[in-house]
Amino acid sequence: MVTGDPLHRVLTIDLSRRRFHVEERPELFAAGLGGTGVGIRLLQELCPPGADPLGPDNPIILAVGPLVGLYPLASKTVALFKSPHTGNLGEGHAGGRSAVSIRMAGYGAIVIQGASSRPVYLVIEDDRVRFRDASALWGLSSGSTVGSVIRERETGSGYRSIMRIGPAGEKRVSYACVIVDTYRHFGRLGLGAVFGSKNLKAIVVIGKRTLPTADPRGYRKVYDEIFHAATASPLMKKYHELGTPMNVLPLNELGALPTRNLKQARFEGAQEISGERLAETVLGRRLACAHCPVACIHLAALRVPHPKEPYFYKTSMVGYDYEPIYSLGSMLGISSPTGLLELMEEVESQGLDAMSTGVVLAWATEVLERGLITTKETDGIALSFGDYRGYIGATRRIVTQPNEFYRALANGAEHAASGYGGLDFALTFGGNEMPGYHTGPGAALTFLAGARHSHLDSAGYSVDQKAAAGGDTLSPDALADRLLGEERWRQVLSSLVVCFFSRGIYTPQVVTDALRPLGIELDADALKEFGRDVLARKHAFKAREGFDVTQVRIPRRILETPTPLGRIEESYLRKALKKFE
Amino acid sequence: MPEKSRGEGMAKRISVIDVERCVGCESCMFACTRRFGSGGTGDARIAVRSVGGIRRGFVVVVCRACSDPPCARVCPTAALTVREGGGVVFHPDECLGCGNCVDACPYGAVFWDDVAGKPQICVYCGICAQYCPYDVIALEEVPNGNG
Chain P
1 MVTGDPLHRV LTIDLSRRRF HVEERPELFA AGLGGTGVGI RLLQELCPPG ADPLGPDNPI
61 ILAVGPLVGL YPLASKTVAL FKSPHTGNLG EGHAGGRSAV SIRMAGYGAI VIQGASSRPV
121 YLVIEDDRVR FRDASALWGL SSGSTVGSVI RERETGSGYR SIMRIGPAGE KRVSYACVIV
181 DTYRHFGRLG LGAVFGSKNL KAIVVIGKRT LPTADPRGYR KVYDEIFHAA TASPLMKKYH
241 ELGTPMNVLP LNELGALPTR NLKQARFEGA QEISGERLAE TVLGRRLACA HCPVACIHLA
301 ALRVPHPKEP YFYKTSMVGY DYEPIYSLGS MLGISSPTGL LELMEEVESQ GLDAMSTGVV
361 LAWATEVLER GLITTKETDG IALSFGDYRG YIGATRRIVT QPNEFYRALA NGAEHAASGY
421 GGLDFALTFG GNEMPGYHTG PGAALTFLAG ARHSHLDSAG YSVDQKAAAG GDTLSPDALA
481 DRLLGEERWR QVLSSLVVCF FSRGIYTPQV VTDALRPLGI ELDADALKEF GRDVLARKHA
541 FKAREGFDVT QVRIPRRILE TPTPLGRIEE SYLRKALKKF E
Chain Y
1 MPEKSRGEGM AKRISVIDVE RCVGCESCMF ACTRRFGSGG TGDARIAVRS VGGIRRGFVV
61 VVCRACSDPP CARVCPTAAL TVREGGGVVF HPDECLGCGN CVDACPYGAV FWDDVAGKPQ
121 ICVYCGICAQ YCPYDVIALE EVPNGNG
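Residue numbers (this note's numbering), protein chains in the order written: chain P, 1 to 581; chain Y, 1 to 147.
Just chain P, same shape as in the assembly (with noise of 0.2 angstroms):
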């Protein structure tokens, strides 16, 4: 690393005695290279066996990496933390002006310890940190208005970013999200609960400063050559046009688009809810996240009339991605895209993370369909498939928790599942909610394996894809080595970090070439053993937490709805799962 970068540097908050210190960390950032690499580091170091997720000696740990700050699209931040909702590993990767703005603080990670005695914000700014009382913004209602709030009342405008959590996360739903700037998220795996826990509302950080390089000269042509292909080439088109609800479409008329509670993996509504109907109908803005050309964040200007005053509306700008058009659009058979965007916008302002509500709703209605529950345990709400406004007040209940029965749901669809019945199609991955694919065995393996349990951990989606569209089908073992393989490179991109929309651009050779005038020298094989050793490190967090991924539960309805690939075999599955042990 360059001599006067201050990526090694590592700000510990304790939030219990208000104090922080500053360590100098180069050994760590020379392993761990940054992100996801240092993170896990930290997260053996520093979170005790056992510990209580939303208890004070569960971690936070946010770091960046190397190329954070130097190169277009290293614009993610990566979160460390013992998930609530799965009781084991959490990780989130964030985008927004986190990133860079941690990087022009002056860190390479924040680490935040303890617990506030009273609700507190955090304002970190270089070598600063103050601690904010935030007990006049606990409890308000939506996670957009502590940002407006903190907005006017800090400095740094322009170099900063606001993380902050909303109801969910003061109320400690497992799946509560960290909303960043605004439409971006540390969304699964209920980060913003841990934040709830620690009475911790919300964290600014503001920072402005040049990074040195090695060489200048080579440090620019890399530049270049990253720059080009992220504005000029076909690599990013996908995300740039339409942005992710590109993916709508396709997916539906492969037969892969999870429909309500994945009872059918196509959706007859698909078109009113597709990223191009939404492009000419309501996207209303373009934004981008720092130091990224990209810009694949599309924002929906929703108009709703108010519901008693004529000439009266609200004009609000929602986030859409691919994500929570297929959880909280197909998944709940709602086709309405008005309907669809006040649901987004309900579960944002709650501050809930989009995939796992979708998902917990969608088992919900399914249970009540059977008579599980009656109406009784819904607080009188009728769920039912396609009827948004249902799912808007029950959102809002899994916030307020009237009942046991919300209370459960709080806890995410397996846990509900346990006390009410209807295991089978709640679909859940390792106790995480089940992402927008149900595309064959690749897709379920990596939600069954994947560290996270996310569909970014190895794509398998896009392995099926490529079977589905006259590729190889491949051995349980074949396929465990593949998607193995690939989720070993990803974490090298986290580490570095960039974010995963640009795997196509960071190519080994690419981040070889981009580490070299940063003073870094990592050739492909040094990468290559860097992630795999970065993915064992994770392995053994989590078994030491209790994950025993031959013992995963596989939902049964994921075997029963056939996929573009035919019927999943259980027995496929577990051969392959053997692999990850």
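Source of the hints: derived by calculation from the structure; they are not laboratory data.
Remember, it's a predicted structure, so these values are computed and weren't measured experimentally.
Built from N, CA and C at the ideal position, the CB exists for glycine as well.
Heads up, a few of these hints could be off.
[Said to hold, decoys possible] Just some of the chain Y residues that point at chain P, by a computed CB distance under 7 angstroms:
{"no.": "1", "residue": "Cys-25"}
{"no.": "2", "residue": "Gly-39"}
{"no.": "3", "residue": "Thr-81"}
[Claimed, not checked] Computed footprint of chain Y on chain P, listed as stretches where at least three residues anywhere in the stretch have a Cβ under 8 angstroms from a Cβ of chain Y:
{"no.": "4", "region": "100-110"}
{"no.": "5", "region": "149-160"}
[To be verified] Calculated from the model, a selection of chain Y residues having no Cβ within reach of chain P, i.e. all distances over 10 angstroms:
{"no.": "6", "residue": "Ser-15"}
{"no.": "7", "residue": "Glu-26"}
{"no.": "8", "residue": "Ala-47"}
{"no.": "9", "residue": "Asp-68"}
{"no.": "10", "residue": "Pro-76"}
{"no.": "11", "residue": "Thr-77"}
{"no.": "12", "residue": "Arg-83"}
{"no.": "13", "residue": "Gly-85"}
{"no.": "14", "residue": "Cys-98"}
{"no.": "15", "residue": "Ala-104"}
{"no.": "16", "residue": "Cys-125"}
{"no.": "17", "residue": "Ala-138"}
{"no.": "18", "residue": "Glu-141"}
Got chain P sorted already, so can you dock chain Y onto it with the hints?
Only chain Y this time, still in chain P's reference frame:
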């Protein structure tokens, strides 16, 4: 690299031609700092800020090359002199670091180098515009009677 015209001949400035297309990627800010081979945004003489939250879009703050620049008028040491055709030229050796120029610019386009304790002044080179992926900004001739 996108080939766009570099400033030659007449006095040039960066014009914000279509702020509605700004996505807030900050490529311009990084490009400005990268002139010196560094990363980050610490040397940027252009800034992108949200209009009270990114849902409403962005403002681009950059020197508009006034023909009668207030920043030069308040400089006590002539460290900022008026450029022919509009805008200013910065002479760092003359600068005391009083910061009057920062206060004088109504656009906030005089940036500050905390390390050097001196202002950061646009040199109208146009590198920021070359890296704008959406043609929000462009290097153009300074119009007559500007500012």
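Find the hints from earlier in the document that the structure breaks and name them by number, from lowest to highest.
-> 3, 7 and 8
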